[in-house]
Amino acid sequence: MTSLKSARLAAALSTLILAPQATAQTPAQAMEEAARAFAEGRFLEAAELAEAVGTSDGLALATKSLAVHAHYLAAEEDREILLERAMALSEQAIAADPSSAMAQQQAAHALGRYALNVGAMTALRRGYAGRIRNHLEAALFINPRDAELHVGLGAWHADIVDRAGRTLARISYGANRGDASEHFERALELAPNSRAVLYEYGLRMRLLEGRDGEQRGIEMLRRAAAIPVVDAHDELVLGDVLAALEEMESGGR
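16 is the number of the first residue of the sequence shown in our numbering; add one for each residue after it.
Between beta-carbon pairs, the in silico distance windows are: (1) A67 to I186: 44 to 54 angstroms; (2) V245 to A39: 23 to 33 angstroms; (3) E92 to R160: 39 to 49 angstroms; (4) P42 to R237: 39 to 49 angstroms.
Worth flagging that the hints you see were computed from the coordinates, not collected in a lab.
Using N, Cα and C, we set each Cβ at its ideal position, and we do this for glycine too.
Assemble the whole structure, with the sequences as input and the hints as a guide.
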């Protein structure tokens, strides 16, 4: 890491100063505090607290916190360094416990956000697509009933087809629309009232089913928009839902 990047990372992570703890915390208490910070939208604080726990779950939560902050809230010039830090933490989380579905999932999350930041074609050239799929499949093997993992793989297949085209996606990456639909439908079966499931699937309905799927996609987004907000991250996702719904209803997609 260059000295400039190190300085910028330090600046990004020092936007808050943690108050000293009056008493020592157990790892479980520290994780609860980190989870509370995440739920309240204090993502950088959550990352620092979770990383300090030092466990695989702590490092995975730190990864998630940094990835969410970088994607939604960070200044453009800070995103890359925050996402690089998130990816490094995800590798540590997997090293601490290779059997952790959360660690594998958050590794895919951080890579996916980084890929968005550098651009789809650059990400494909660098091999991120295969790495993201490997992490998601590893997590799904551990926890096959996790709706978010099915959503992740559904989005992976759909987005590769969208970026690379059906033929190249199938030959070069093993991605296809059939697998995308299968994973999305399974996610919907497992979590029919999940905002994330309805949003990610609804967003891609036209890609997967053509104009016949457009109205179903709009209906999914409307359902996603009506779900009560549960935490700060969910509120950010709601913003994505409303923006996508407005675009689809206006015929922009």
